[in-house]
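Chains as they are written, first to last, in our numbering: chain A, 1 to 249; chain B, 1 to 350.
Derived by calculation from the structure, the hints in this document are not laboratory data. Since the model is a prediction, treat every value here as computed from it, not as a measurement. Be aware that one or more of the hints could be misleading.
[Said to hold, decoys possible] So the derived label-pair ranges between C-beta atoms look like this:
#, chain 1, residue 1, chain 2, residue 2, range
1, A, D192, B, P173, 55 to 61 Å
2, B, Y256, A, S145, 28 to 34 Å
3, A, A30, B, E341, 47 to 53 Å
4, A, D80, B, R104, 54 to 60 Å
5, A, P134, B, N137, 56 to 62 Å
6, B, R4, A, P134, 25 to 31 Å
7, A, S43, B, R4, 56 to 62 Å
[Said to hold, decoys possible] Short, incomplete list of chain B residues facing chain A, as computed with Cβ under 10 Å:
#, residue
8, E232
9, G236
10, A240
11, P242
12, G244
13, Q245
14, A248
15, A249
16, L254
17, T262
18, V263
19, P266
20, Q338
21, W339
22, E341
All residues carry an ideal CB built from backbone N, CA and C; glycine is no exception.
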Amino acid sequence: MSDGAPPIIRMTAVSKWYGAFQVLRDINLAVGPGERIVICGPSGSGKSTLIRCLNRLEEHQQGRIEIDGLELTGNLQRIDAVRREVGMVFQHFNLFPHLTVLENCTLAQLRVRKRPQAEAEAIAMTYLERVRIPDQARKYPGQLSGGQQQRVAIARSLCMTPKIMLFDEPTSALDPEMVKEVLDVMIGLAEDGMTMLCVTHEMGFARSVADRVIFMDRGEIVEENEPGEFFANPRSERTRLFLSQILSH
Amino acid sequence: MIARPVGWLRANLFSSWLNTLLTLLILWALAGVVPPLLRWALTHAVFSAADSAVCRAADGACWAFITEKYRLILFGTYPYHQQWRPLLAVAVLIALFVVSCDRRTWKRWLLPLWLGGGILVGVLMWGGVLGLDYVENRLWGGLPLTLILSVVGLVVAFPVAVLLALGRRSELPVVRAVSVAYIELIRGVPLVSLLFMAAVMLPMVLPAGMTIDKLLRAQIAFILFAAAYLAEVVRGGLQAIPRGQYEAADALGLGYWQKMATVILPQALAVAIPPIVNTVIAFFKDTSLVIIIGLLDLLSTAKSAISDPGWHGFYRESYLFIAVIYWGFCFSLSRYSQWLERDLKHGHRS
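So here's chain A without its partners, still in its complex pose (with noise of 0.2 Å):
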């Protein structure tokens, strides 16, 4: 953790069942603000239902998930309040396709933020300008490429100004040479001191950007260390066998 600051999310005995299937057993987790941590674990570990847990797309039924000094509990304003600080990116991209690129950065900053329609588009095309794809605004999302589409919806959440980025496997879905445009916005946005958490199987990403790697299987986290240590001394079983797997080609 960094400076010693109070932590951005903190996690704390955070426990979900899918009906009789447990999905996350005691999570414990606090990350301060800048930090950039990397989530990886196989499938089915509870990786991705974890991230959606900070921003309610899914509930948890057992402990507390305090988000900037925000409890998130049934509460509805407060999941709203907390939803405005939280950007997210889907796998899928989940751009509206009945928007254009402009349209879908404008949206939200127009009805959550109520920022006249000037300045939302003046913010809209600086964020545009930052994941460089400022001459695709007046395009639709099924014109794009998957690389375009997933840099678009990076600009759409930032445009948010949202505290925390969280990203749910931003580059599974992509065709190989597409990664790297992605990746390279996620590192400029992480040099820039955003507070990320991302689920990846970029490990290569791992090692050079995070400040922590985590690593769950089962739906409890198994492992969290710097990177450096993580990939070169993994302590438990698990992880070096998980390691062994996604490293191996």
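Keeping the supplied structure of chain A fixed, place chain B upon it in accordance with the hints.
Same frame as chain A, but now just chain B:
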């Protein structure tokens, strides 16, 4: 130049022995049907006649009957010299539709425009103000009645249908139960029985001395009916929208109504255009069922036109005339929906 039509014929009509056989069969059938039809409808038809005797002497269609009776068929028993008013009302309704066809007019001012148009139609039909004579609505009939029943019915039913569809998918148990109960109840009853109930049972339930006129009762029955059917069509559209769209809207902090209005419904309704238009067309024609509670819609006026003793028996001409009118409206709707589908798809070329 010769080779091309020959090649086309060979490719499309005579490509195999089966196709050749079918082509010849169809040509034979057309040769049997078309000439007599043309003879009846055009060459042997009577286009103008002072009375029906001339028509009865000829063996063709009696279009003179339509010339004589078209105002009765189109406007029913509306006072003859005031019939410019329903004509204008029909024009206003059609104009409202035409204006609303283009997506560029889908703005906020469309709602006041429709309200204004509706009031204008009411003033024209009822009168009683601006020096117009008052005309009771039991005298209304024909095309304006059919159009008013279906347009008012659909315009009021549509927002109700959207709410019902959202309600049926709501996470709130009470809202969901009410929506499901309403839809299943109304859908489970034939429209005819709903009309009867509105005509016969509603007055019995109402407190003594209070009456709702027959037209309004029929209108309410139509709205209830159309809302239930359209709700299921809209729900179908909603189900076609992937969960990721809801999640992306949620993650951006959009509230429930913002999410529905800006992200989900625009996509869901676009998906549902073909079944929506299907329902609208069916509903437009179903207005002819008001005949059973004694309202004179287009079908009823056509029927009453042939009951004139002087012009008895020209039912073919009469029904053909209104069939063409019905077809004109339904076909335009159908073409419009096809155009709109293409236009929307063109927008986001995915």
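Hints, verified against the model:
At roughly 46 Å, the beta-carbon separation of A/D192 and B/P173 lies outside the given 55 to 61 Å, and the hint is violated. Taking 28 to 34 Å as the suggested C-beta distance range, the pair B/Y256 and A/S145 conforms, at roughly 33 Å. Range check, A/A30 to B/E341: about 52 Å between beta-carbon atoms, so the 47 to 53 Å window is met. Distance hint for A/D80 and B/R104: a CB-CB separation of about 33 Å, inconsistent with the stated range 54 to 60 Å.
In this structure the hint that A/P134 and B/N137 lie 56 to 62 Å apart at CB holds, the actual value being about 60 Å. Distance hint check for B/R4 and A/P134: the Cβ-Cβ separation is about 50 Å, which falls outside the suggested range of 25 to 31 Å. For A/S43 and B/R4, the hinted distance range of 56 to 62 Å is satisfied, since their beta carbons lie about 60 Å from each other. At a threshold of 10 Å, the smallest CB-CB gap from B/E232 to chain A is about 23 Å, leaving the interface hint violated.
Because the closest C-beta pair between B/G236 and chain A is about 18 Å apart, greater than 10 Å, the hint is violated. Annotation: B/A240 was flagged as interfacial toward chain A, and the flag is violated, the nearest CB pair being 12 Å apart, outside 10 Å. At a threshold of 10 Å, the smallest CB-CB gap from B/P242 to chain A is about 8 Å, leaving the interface hint in force. Because the closest C-beta pair between B/G244 and chain A is about 4 Å apart, less than 10 Å, the hint holds.
With a least beta-carbon distance of about 6 Å to chain A, the hint placing B/Q245 at the interface is held under the 10 Å criterion. At a threshold of 10 Å, the smallest CB-CB gap from B/A248 to chain A is about 4 Å, leaving the interface hint in force. Among the interface hints, the one on B/A249 holds; its C-beta lies about 8 Å from the nearest C-beta in chain A, closer than the 10 Å criterion. This hint holds: B/L254 has a C-beta 6 Å from the nearest C-beta of chain A, less than the 10 Å allowed.
Taking 10 Å as the C-beta cut-off, the interface hint given for B/T262 holds, the closest approach to chain A being about 6 Å. The restraint placing B/V263 at the interface with chain A holds, with a minimum CB-CB distance near 6 Å, inside the 10 Å limit. Taking 10 Å as the C-beta contact cut-off toward chain A, the hint placing B/P266 at the interface holds, the least distance being around 5 Å. Because the closest C-beta pair between B/Q338 and chain A is about 19 Å apart, greater than 10 Å, the hint is violated.
The interface hint given for B/W339 is broken, as the beta carbon of that residue sits about 17 Å from the closest beta carbon of chain A, more than 10 Å. Interface hint at B/E341: violated, since its Cβ lies 13 Å from the closest Cβ of chain A, which is beyond the 10 Å cut-off.
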